[in-house]
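Protein sequences appear in the order of chains A, B and C.
Residue numbering for the first sequence follows full-length UniProt numbering, beginning at 1 and increasing consecutively.
Residue numbering for the second sequence follows full-length UniProt numbering, beginning at 1 and increasing consecutively.
Residue numbering for the third sequence follows full-length UniProt numbering, beginning at 1 and increasing consecutively.
Hints in this document: simulated from the structure, not taken from any laboratory.
C-beta: ideal position from N, C-alpha, C; glycine also.
Accuracy of the hints is not assured; some may be wrong.
[What the hints assert, rightly or not] Calculated pairs, EDC-like style, for lysine to aspartate or glutamate (alpha carbon to alpha carbon, straight line, at most 20 angstroms):
#	chain 1	residue 1	chain 2	residue 2
1	A	K35	A	E283
2	A	K88	B	D282
3	A	K36	C	D103
4	A	K65	C	E60
[To be verified] Some chain C residues well away from chain A (every beta-carbon gap over 12 angstroms; in silico):
#	residue
5	T45
6	R57
7	H61
8	F85
9	G87
10	L99
11	R105
12	L150
13	G151
14	V156
15	R167
16	A173
17	D174
18	V176
19	N179
20	V195
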Amino acid sequence: MIAHLLSAADLDRETATLVLDTATEMATVAGREVKKLPTLRGRTVVNLFYEDSTRTRTSFEVAAKRLSADVINFSAKGSSVSKGESLKDTALTLQAMGADAVVIRHSASGAAHRLAHWVDGSVVNAGDGTHEHPTQALLDAYTMRSRLGKLDGVRVAIVGDVLHSRVARSNVTLLATLGAEVTLVSPPTLLPVGVDSWPAAVSYDLDAVLPDTDAVMMLRVQRERMNDSFFPSAREYARRYGLDGARMRALPDHAIVMHPGPMNRGMEIAPEVADSARSTIVEQVANGVSVRMAVLYLLLGGKS
Amino acid sequence: MTAYVVRGARVVGGEPTDLLIRDGVVEAVGPDADVAGATRVDADGLVALPGLVDLHTHLREPGREDAETVESGSRAAALGGYTAVCAMANTDPVADTAGVVEQVYRLGQAAGLVDVQPIGAVTVGLAGERMAELGAMADSAARVRIFSDDGHCVADPRMMRRALEYVKAFDGVVAQHAEEPRLTVGAQMHEGEWSARLGLTGWPAVAEEAIIARDALLAGHVGARLHICHVSTAGSVEILRWAKSKGFRVTAEVTPHHLLLTDELAAGYDPVFKVNPPLRTDEDVAALRAALAEGVIDVVATDHAPHTTEDKECEWPYARPGMLGLQTALPVVLDTMLEPGLLDWDTVAERMSRRPARIAGLTDHGHDPAPGAPANLTLVDPAARITVDPADLASPSRNTPYAGRTLPGRIVATFLRGEATVLDGKAQK
Amino acid sequence: MTAPPADLPEGRPDQGAADQANSPAEAQPAQPRPILNASDLARITARIAHQILEKTRGAEHTVLLGIPTRGVPLAHRLADRIAAFEGVDVPVGILDVTLYRDDLRLRGTRALGPTDLPADGIDGKRVILTDDVLFSGRTVRAALDALNDLGRPSQVQLAVLVDRGHRQLPIRADYVGKNLPTSLAESVRVLLREVDGDDAVLLADREVR
Numbered sequence: 001m002i003a004h005l006l007s008a009a010d011l012d013r014e015t016a017t018l019v020l021d022t023a024t025e026m027a028t029v030a031g032r033e034v035k036k037l038p039t040l041r042g043r044t045v046v047n048l049f050y051e052d053s054t055r056t057r058t059s060f061e062v063a064a065k066r067l068s069a070d071v072i073n074f075s076a077k078g079s080s081v082s083k084g085e086s087l088k089d090t091a092l093t094l095q096a097m098g099a100d101a102v103v104i105r106h107s108a109s110g111a112a113h114r115l116a117h118w119v120d121g122s123v124v125n126a127g128d129g130t131h132e133h134p135t136q137a138l139l140d141a142y143t144m145r146s147r148l149g150k151l152d153g154v155r156v157a158i159v160g161d162v163l164h165s166r167v168a169r170s171n172v173t174l175l176a177t178l179g180a181e182v183t184l185v186s187p188p189t190l191l192p193v194g195v196d197s198w199p200a201a202v203s204y205d206l207d208a209v210l211p212d213t214d215a216v217m218m219l220r221v222q223r224e225r226m227n228d229s230f231f232p233s234a235r236e237y238a239r240r241y242g243l244d245g246a247r248m249r250a251l252p253d254h255a256i257v258m259h260p261g262p263m264n265r266g267m268e269i270a271p272e273v274a275d276s277a278r279s280t281i282v283e284q285v286a287n288g289v290s291v292r293m294a295v296l297y298l299l300l301g302g303k304s
Numbered sequence: 001m002t003a004y005v006v007r008g009a010r011v012v013g014g015e016p017t018d019l020l021i022r023d024g025v026v027e028a029v030g031p032d033a034d035v036a037g038a039t040r041v042d043a044d045g046l047v048a049l050p051g052l053v054d055l056h057t058h059l060r061e062p063g064r065e066d067a068e069t070v071e072s073g074s075r076a077a078a079l080g081g082y083t084a085v086c087a088m089a090n091t092d093p094v095a096d097t098a099g100v101v102e103q104v105y106r107l108g109q110a111a112g113l114v115d116v117q118p119i120g121a122v123t124v125g126l127a128g129e130r131m132a133e134l135g136a137m138a139d140s141a142a143r144v145r146i147f148s149d150d151g152h153c154v155a156d157p158r159m160m161r162r163a164l165e166y167v168k169a170f171d172g173v174v175a176q177h178a179e180e181p182r183l184t185v186g187a188q189m190h191e192g193e194w195s196a197r198l199g200l201t202g203w204p205a206v207a208e209e210a211i212i213a214r215d216a217l218l219a220g221h222v223g224a225r226l227h228i229c230h231v232s233t234a235g236s237v238e239i240l241r242w243a244k245s246k247g248f249r250v251t252a253e254v255t256p257h258h259l260l261l262t263d264e265l266a267a268g269y270d271p272v273f274k275v276n277p278p279l280r281t282d283e284d285v286a287a288l289r290a291a292l293a294e295g296v297i298d299v300v301a302t303d304h305a306p307h308t309t310e311d312k313e314c315e316w317p318y319a320r321p322g323m324l325g326l327q328t329a330l331p332v333v334l335d336t337m338l339e340p341g342l343l344d345w346d347t348v349a350e351r352m353s354r355r356p357a358r359i360a361g362l363t364d365h366g367h368d369p370a371p372g373a374p375a376n377l378t379l380v381d382p383a384a385r386i387t388v389d390p391a392d393l394a395s396p397s398r399n400t401p402y403a404g405r406t407l408p409g410r411i412v413a414t415f416l417r418g419e420a421t422v423l424d425g426k427a428q429k
Numbered sequence: 001m002t003a004p005p006a007d008l009p010e011g012r013p014d015q016g017a018a019d020q021a022n023s024p025a026e027a028q029p030a031q032p033r034p035i036l037n038a039s040d041l042a043r044i045t046a047r048i049a050h051q052i053l054e055k056t057r058g059a060e061h062t063v064l065l066g067i068p069t070r071g072v073p074l075a076h077r078l079a080d081r082i083a084a085f086e087g088v089d090v091p092v093g094i095l096d097v098t099l100y101r102d103d104l105r106l107r108g109t110r111a112l113g114p115t116d117l118p119a120d121g122i123d124g125k126r127v128i129l130t131d132d133v134l135f136s137g138r139t140v141r142a143a144l145d146a147l148n149d150l151g152r153p154s155q156v157q158l159a160v161l162v163d164r165g166h167r168q169l170p171i172r173a174d175y176v177g178k179n180l181p182t183s184l185a186e187s188v189r190v191l192l193r194e195v196d197g198d199d200a201v202l203l204a205d206r207e208v209r
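Please model the entire structure based on the sequences and the hints provided.
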């Protein structure tokens, strides 16, 4: 197993499959009366969150607690972090406290990589800037595999602000590793220069892509992008790249609709779609706990 | 003053000979070059070059003496074979008045390790809005001839035009940091495959090339001298070639790091590789080397940019851009240019000493060791290999991108006006 | 960060015998000697099935839970025999104990096996845990902890193919195929057709590492 989970690229096909298989077993714990395993008793997991993300932090916290790890939430507010302490000094502090794993969310791309140089424990990237969010990609892959039965050859459309999306970056890498076929659908302004080197197709036309899609993943679009001329208006964005009821009906019958949350209802996704039976949005949250349990177990469960 | 006899040096790569250095000049060259009581310097196998001249050095004083001082930077320069450096204006306070440039000039004289030639800011506070008192700086004791807002681009075309025109009055030159700021908002690294993968905001090549094209046209239009700092892209090379073919008075520099390093080094997010302009691609490196060989790029300049550990041991986007360069410049040039045969010793001397001295108007520098020439020279052992250890560098900063790398060429001795600033690889003060 | 393994030297029976056969990191037996062959195994399985029927008075309200890997086919074989002898269908399930082991930190992370309980669950049932080799007892201890989190059986029994001794915990089996006195320097290897393509029990000297 790997020492850290910093990027989806850390996972080869065998390891990624092991994470998903382990998550399948972890998921059974959620259905039990006693939702707790003794596996990580005596281990300490620190949630180091420099950005507010209650849902991701909670998901990691539940996962760690279900495995009996001690959880310390070290958030930017009300700690030395907000007093300007450097990431390195914070890392050394956590190190001294005996953190076995640090789950980090940070607004700077690469922060998790840097942290991994400064702590002995495992580092889990819970989102770094516009770089990666590998556990999100794992839970998305898990959701697709459980809904569609497989990942190999599955056609996935990732729609929206690819340029600024860590979810897209991790998903493209992981899905390619697992044999899925990814198409990025986005206005050209929201695709990175250099995207042609990614293992994904690119389209500017959502309507052309939907009929040949098994899973469509809608990315959150920040409204502030509007003021930076990435697109003219929320209305035009929704019209060209939003998933409404009519577009959903263009999907094959078995296709699913995903969203990493939080959603802008009416912008990238219509309420009718978000609440439909095809939507896996709530399921993704539950799967997030199972996948994060699997990651923590695989990083911390053995000899370190 | 001590006299030195340098024995067996290959002057600019020629046949071994002896040099007598006395009273600030090279007094004699040849087998008879000797005098009683002179200090012998064994230069068997060493190459004597005119003292190197750097058009682009950040000495950080005044303002960031924790990163570098005029004295520590001067020592680094001497150890790198330099006898003159041009100190960039982006200090705190900014070198935008006669007072500040004279302060830097005097600090350089007091250190006495290299000639420190201050560069003056083009605009007040580097803000791009009001022209600084360029004439006052030119007339000051520092005799400023190069003006630059380096770190910032003189982005306003009208301001750039006026500055180019104005400095003609005292044969000045504007050294432009070519970066269209609206195209590099939040930029962290070269825009391309790696920035896409690493999720770091891209710094597109066109942001440099657009400014170079604009300013070359402006310089041609007003008949002024323009110098382009740290050229980093293949496209810039094409524009420079065209501008020169039109007869525009444009010169350009390339840094050692842009001759050797590429953008994929950002993959580990270690900000020691963060620099502005950013490291580019293999194709750019190849084009820059070819342009330097051809003379489309005139000189190598270090863009020596010391930063404290706190400014570098942090998240990439929060880190300050820049790299140490003075003590590794010649080894990198030997590695990337001389050893592959793109330059010979004569053209190394041209690109690193004679031509930058002429651009900066430093008449005492850039002269091959010959009878009567000012004794500004350096001795390098081209057969030696150095392994870069950040802790060994003279700067209080440690931000060298070459840590652990082995490079050819050891600077054995440097002489400034006949005084040894470096002997046996060690600074003499 | 982990407990130093120094207090558990290599070769101590701290991992359960089944793992020794599974892990390539473990020393392979040198020139293994056959202890039981396929017909021995068939006879032993039949005898344990009879003993279960006898001791449980017809195997009512009974569930067989196999501990992966080789405990699972063994449980199925016992259920088959019981069905053949008395026509009683004993539900078979799988109980993976990896997440309950006390030796996780001594080795690299292990992949999980499935846990699959019979549809009617285990509450109020007699659970017979089934494994191939009983050694230190730590695997069974983990299985008891796992059962505790999964439900409340009325009774828990243990069936093993081989008891090789060297217990580290106060645990004994209710049904034993063969008592096999061994030294700690030896390793016991159970082969089952469903997993290994062959039925046999082998004894070998461990290679000195």
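Hint by hint, here is what the structure shows:
1. A distance of roughly 18 angstroms separates the Cα atoms of A/K35 and A/E283; the hinted pair therefore holds under the 20 angstroms criterion.
2. Distance hint between A/K88 and B/D282 is unfulfilled; the C-alpha atoms sit about 32 angstroms from each other, more than 20 angstroms.
3. This hinted pair checks out: A/K36 and C/D103 have alpha carbons roughly 18 angstroms apart, not beyond 20 angstroms.
4. As the CA atoms of A/K65 and C/E60 are separated by approximately 38 angstroms, the hinted pair breaks the 20 angstroms bound.
5. Listed as outside the interface, C/T45 is consistent with that label: its C-beta sits roughly 29 angstroms from the nearest C-beta of chain A, beyond the 12 angstroms cut-off.
6. Once the 12 angstroms rule is applied to beta carbons, C/R57 is consistent with being away from chain A; the minimum gap is 30 angstroms.
7. Distance check for C/H61 against chain A: the nearest CB is about 21 angstroms away, which clears 12 angstroms, and the non-interface claim stands.
8. Against chain A, the non-interface label of C/F85 holds: every CB pair exceeds 12 angstroms, the least being about 33 angstroms.
9. Against the 12 angstroms criterion, C/G87 stays outside the reach of chain A, whose nearest CB is about 32 angstroms from its own CB.
10. The Cβ of C/L99 does not lie farther than 12 angstroms from every Cβ of chain A; its closest approach is about 4 angstroms, which violates its non-interface assignment.
11. Not every Cβ of chain A is farther than 12 angstroms from the Cβ of C/R105; the closest lies at roughly 6 angstroms, contradicting the non-interface assignment.
12. Not every C-beta of chain A lies more than 12 angstroms from that of C/L150, the closest at about 7 angstroms, which undercuts listing it as non-interface.
13. The Cβ of C/G151 does not lie farther than 12 angstroms from every Cβ of chain A; its closest approach is about 8 angstroms, which violates its non-interface assignment.
14. With a least CB separation of 17 angstroms from chain A, C/V156 remains clear of the 12 angstroms interface cut-off, as annotated.
15. Distance to chain A confirms C/R167 as a non-interface residue, since its nearest Cβ pair spans about 22 angstroms, more than 12 angstroms.
16. Every C-beta of chain A lies more than 12 angstroms from that of C/A173, the closest at about 24 angstroms, which supports listing it as non-interface.
17. A cut-off of 12 angstroms between C-beta atoms confirms that C/D174 is not in contact with chain A; the least separation is 25 angstroms.
18. No beta-carbon of chain A comes within 12 angstroms of the beta-carbon of C/V176; the shortest separation is about 29 angstroms.
19. No beta-carbon of chain A is positioned within 12 angstroms of the beta-carbon of C/N179; the least distance is around 32 angstroms.
20. Chain A leaves C/V195 outside its interface by the beta-carbon criterion, the shortest separation being 18 angstroms against a cut-off of 12 angstroms.
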